[in-house]
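Visitor: Protein sequence lines correspond, in order, to chains R and Y.
Numbering-wise, my numbering puts 84 at position 84 of the first sequence, and it's gapless, one number per residue.
Numbering-wise, my numbering puts 16 at position 16 of the second sequence, and it's gapless, one number per residue.
One thing to keep in mind: the hints can contain errors.
Which copy is meant is left open, so a pair is good if it fits within one copy or across any two.
[Stated by the list, open to error] Once the Cα atoms are required to be at most 27 Å apart in a straight line, the calculated DSS-like pairs of lysine-lysine come out as: (1) K393 to K86; (2) K363 to K393; (3) K86 to K101; (4) K345 to K101; (5) K28 to K152; (6) K393 to K152; (7) K265 to K393; (8) K253 to K152; (9) K345 to K85; (10) K101 to K204; (11) K253 to K393; (12) K393 to K28; (13) K265 to K28; (14) K345 to K86; (15) K253 to K204; (16) K363 to K152; (17) K253 to K363.
Rather than coming from a laboratory, the hints here were simulated on the basis of the structure.
Since we're looking at a predicted model, the values are computed, not measured.
There are 2 protein chains.
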Amino acid sequence: MQIRHEGHIATPLGFYTDGLHAGLKRFKKDIGLIYSDVPAQTAAVYTQNYFKGAPITVTQASLATSSLTQALIVNSGNANTCTGKKGIADAYAMRAATAAKLQLPVDYVTVASTGVIGVPLNLPRVLDGIAQLDETQSNGHGFQEAILTTDKAVKSVCVTIELDGQTVTVAGVAKGSGMINPNMATLLGFITTDAAIEGVYLDKLLRQTIERSFNQITIDGDTSTNDMVLVMANGRAGNDILCANHPQILQFKAALMYVCEQLSKKVAADGEGATKLIEVNVTGALQQTDARLIAKKVVGSNLVKAAFFGEDGNWGRIIDAIGYAGVPINPDTVDIAISGVTVLKNSEPVIIDEARDLTPVLKAHDITIAVELHLGNEAGTAWGCDLSYEYVKINAAYRT
Amino acid sequence: MQIRHEGHIATPLGFYTDGLHAGLKRFKKDIGLIYSDVPAQTAAVYTQNYFKGAPITVTQASLATSSLTQALIVNSGNANTCTGKKGIADAYAMRAATAAKLQLPVDYVTVASTGVIGVPLNLPRVLDGIAQLDETQSNGHGFQEAILTTDKAVKSVCVTIELDGQTVTVAGVAKGSGMINPNMATLLGFITTDAAIEGVYLDKLLRQTIERSFNQITIDGDTSTNDMVLVMANGRAGNDILCANHPQILQFKAALMYVCEQLSKKVAADGEGATKLIEVNVTGALQQTDARLIAKKVVGSNLVKAAFFGEDGNWGRIIDAIGYAGVPINPDTVDIAISGVTVLKNSEPVIIDEARDLTPVLKAHDITIAVELHLGNEAGTAWGCDLSYEYVKINAAYRT
Chain R
1 MQIRHEGHIA
11 TPLGFYTDGL
21 HAGLKRFKKD
31 IGLIYSDVPA
41 QTAAVYTQNY
51 FKGAPITVTQ
61 ASLATSSLTQ
71 ALIVNSGNAN
81 TCTGKKGIAD
91 AYAMRAATAA
101 KLQLPVDYVT
111 VASTGVIGVP
121 LNLPRVLDGI
131 AQLDETQSNG
141 HGFQEAILTT
151 DKAVKSVCVT
161 IELDGQTVTV
171 AGVAKGSGMI
181 NPNMATLLGF
191 ITTDAAIEGV
201 YLDKLLRQTI
211 ERSFNQITID
221 GDTSTNDMVL
231 VMANGRAGND
241 ILCANHPQIL
251 QFKAALMYVC
261 EQLSKKVAAD
271 GEGATKLIEV
281 NVTGALQQTD
291 ARLIAKKVVG
301 SNLVKAAFFG
311 EDGNWGRIID
321 AIGYAGVPIN
331 PDTVDIAISG
341 VTVLKNSEPV
351 IIDEARDLTP
361 VLKAHDITIA
371 VELHLGNEAG
381 TAWGCDLSYE
391 YVKINAAYRT
Chain Y
1 MQIRHEGHIA
11 TPLGFYTDGL
21 HAGLKRFKKD
31 IGLIYSDVPA
41 QTAAVYTQNY
51 FKGAPITVTQ
61 ASLATSSLTQ
71 ALIVNSGNAN
81 TCTGKKGIAD
91 AYAMRAATAA
101 KLQLPVDYVT
111 VASTGVIGVP
121 LNLPRVLDGI
131 AQLDETQSNG
141 HGFQEAILTT
151 DKAVKSVCVT
161 IELDGQTVTV
171 AGVAKGSGMI
181 NPNMATLLGF
191 ITTDAAIEGV
201 YLDKLLRQTI
211 ERSFNQITID
221 GDTSTNDMVL
231 VMANGRAGND
241 ILCANHPQIL
251 QFKAALMYVC
261 EQLSKKVAAD
271 GEGATKLIEV
281 NVTGALQQTD
291 ARLIAKKVVG
301 SNLVKAAFFG
311 EDGNWGRIID
321 AIGYAGVPIN
331 PDTVDIAISG
341 VTVLKNSEPV
351 IIDEARDLTP
361 VLKAHDITIA
371 VELHLGNEAG
381 TAWGCDLSYE
391 YVKINAAYRT
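Here chain R stands alone, though its shape is the one from the complex:
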């Protein structure tokens, strides 16, 4: 697997993207398009929130007909959620306008939105924006900007692998937390690849990968109404169609996992108000799901997050979160290390000189917490960020 630093969402063969300012936000780009010049196998996962944004309803409808799509239309600045029947009609109108522009069947188009909840969409501006989007652009940058809100950086990854003698590219882009009108940390992730892959298998693979990547990050524990991760695979690379029995399937799995994991870490590191990226690795669990749950509880604990903002290696809070994760553990056999410094062994404190041993590693931007349960052989990882004054400031501010 080769990491392509110069690559982006429009690097896989046959993918084109654009983004521009339609007027939903004051100045920044707020509408984006991904277009594949041939039909692409498409799979998507959505928020588990019972309140789902109108675009999710429309995307689900498109993918219910068949797993083939050729375009994604996305806007930022308005989530189009809790907007009643008009909201659903607006999302269908976005799909119809995009399909007409690109001369595609309507169910070859998917829709995503992120932004403020409960405010009707300014549909004329959106339709005007769709009309102006250029489906022949292939630099990727406009699209990457159009999905951002107050994210401090573009979150993009691109890798290539060789399959059946062909170069296959897998690229992804995500937006994380932080909005001009902060409402919630909507996560949107879009992955393009020119791999040829079976549709049902792509769906399965996406779900497996998401469980260990996007679903393992938390900024504040609040699951948005508009979360969506979507992958389009258009087969333009010319490899033999990927399925469970393909001899090089592990390479593709690894590439997809790498893209999702890197995007997840970028989202966590750019969480609202974040000053640190925190990674929690849980080992020695009876089941992978146990390990992932504990890792996520630790990285999601306000007390743990605030401690690391204060550069305090307060492992009592880590122990506490492990204990309330809801997974049976043995409270006498837990080891904890913070960025390589063991602070707890068999659930008893290790005598260290905090100022000498621990303080230096706590000053780093990246913090790793290793938890060994000594129960079994399964492992899991989660990512998050610290809890800062800035987080409170961003989210206590008025929407206007």
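Given the structure of chain R, go ahead and fit chain Y onto it with the hints provided.
Guide: Just chain Y, lined up with the frame of chain R:
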């Protein structure tokens, strides 16, 4: 039911309390005693955290022998948790010293601790403190202070009811979040009553009451290792023994519920860094447990909490938390009112003048969020506080 503003934990007949400075904290009182001059039916509930403080092990051992006790010994300033075999031995030593001093069987004594995790207890100071405690004091104040840490106020409630022609007193005291060495928001609650009541029934009643009071508050979602609520009922009021068939049982239930609910609200209002008390009432649910879960998710959401700190009626965040609570709801039938101002009706925004209608109620200290699901007839309430800069400051500070 009469509210007794002058009453306290030592007001029920036959109860005596004391508290003093043993030297675990720098200056403040840190050891306390509740003593009943006759054996009291005793019930307790403990943290669900897999890591339990050593005192919980000892209290469970005392109550495993019989449900009768006569004394509770409690220290603040050290949680005696993750302190290995020495920690367990220390907690047993606290019990033994208290029993010897009061000439009681050891299993007539229960033990509680709150404070920093993973630091060995200074047992000589604790034993010295126990020796100095005065079991003839009945003003309640020393004890109430001894369990506090950085709590800004004593949390105490006292009520009386008439049962079988006798005055029965129910009193309670609690400590909440905030410590000199902030580690977690340990909750301790102690309730005394001179009611005569069957032991097994008292246990059942405590569990029922806790589900709708203490278990419905959250400051930061972190369940401590040392949480404990304990009730002692010594029968000195002379009423007929309370059981499920007692003709006035509803009065006693109401008194116990009132005491627990008031203590819960006091703990929530005094959460670390809190500037507001937030109450969430969910109605129209299919089950009480559903309503309670949704209420607790809303009041526990960082985004909701930060919004109210900023006096922003950002109901999109309330909707979001309702939707991810894990309880099936109908996303088209939800009403939301904030302190009496309806902002959402059948899941669609109500047009209001925010500055005129909403801003004034958001400036109040007490905020009430009413959520009507329109699914059934069950209800539930939860209490919490806002998320402020001060919360981050308290919890980002070094332990020393």
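Visitor: Determine for every hint whether it applies to the structure shown.
Guide: Evaluation of the provided hints:
1. In this homomeric assembly, K393 and K86 never come within 27 Å of each other (Cα to Cα): the closest approach is 33 Å inside a single copy and 44 Å across copies.
2. Taking the shortest Cα distances, K363 and K393 sit within 27 Å of each other both inside one copy (23 Å) and across copies (17 Å).
3. Within a single copy, K86 and K101 get their C-alpha atoms as close as 22 Å, which meets the 27 Å cut-off; across copies the closest is 74 Å, which misses it.
4. Within a single copy, K345 and K101 get their C-alpha atoms no closer than 63 Å, and across copies no closer than 37 Å, so neither meets the 27 Å cut-off.
5. For the identical chains of this complex, K28 and K152 are intra-copy neighbours only, at 13 Å inside a copy versus 46 Å across copies, given an alpha-carbon limit of 27 Å.
6. Taking the closest pair of Cα atoms, K393 and K152 come within 27 Å of each other both inside a single copy (16 Å) and across two copies (24 Å).
7. Both within a single protomer and between protomers do K265 and K393 lie at most 27 Å apart by alpha-carbon distance, with minima of 23 Å and 26 Å respectively.
8. Proximity of K253 to K152 under the C-alpha cut-off of 27 Å is found in neither arrangement, the shortest distances being 29 Å within a copy and 55 Å between copies.
9. In the homo-oligomer, the alpha carbons of K345 and K85 lie at most 27 Å apart only across protomers (14 Å), although the nearest pairing inside one protomer, at 57 Å, exceeds that limit.
10. Taking identical chains as interchangeable, the C-alpha atoms of K101 and K204 are never at most 27 Å apart, the minima being 31 Å within one chain and 67 Å between chains.
11. For the homomeric pair K253 and K393, neither the shortest alpha-carbon distance inside one copy (40 Å) nor that between copies (43 Å) is at most 27 Å.
12. In the homo-oligomer, the alpha carbons of K393 and K28 lie at most 27 Å apart inside one protomer (22 Å), although the nearest pairing across protomers, at 34 Å, exceeds that limit.
13. For the identical chains of this complex, K265 and K28 are intra-copy neighbours only, at 24 Å inside a copy versus 45 Å across copies, given an alpha-carbon limit of 27 Å.
14. With identical chains, the CA atoms of K345 and K86 are at most 27 Å apart between copies only, with a shortest distance of 16 Å across copies and 58 Å within one.
15. Only within a single protomer do K253 and K204 lie at most 27 Å apart by alpha-carbon distance; the minimum there is 11 Å, versus 53 Å between protomers.
16. Taking the shortest alpha-carbon separations for K363 and K152, only the intra-copy value of 21 Å comes in at or below 27 Å, while the best inter-copy value is 32 Å.
17. For the identical chains of this complex, K253 and K363 are neighbours neither inside a copy (35 Å) nor across copies (53 Å), given an alpha-carbon limit of 27 Å.
Hints 1, 4, 8, 10, 11, 17, counting from the list given before, are not met by this structure.
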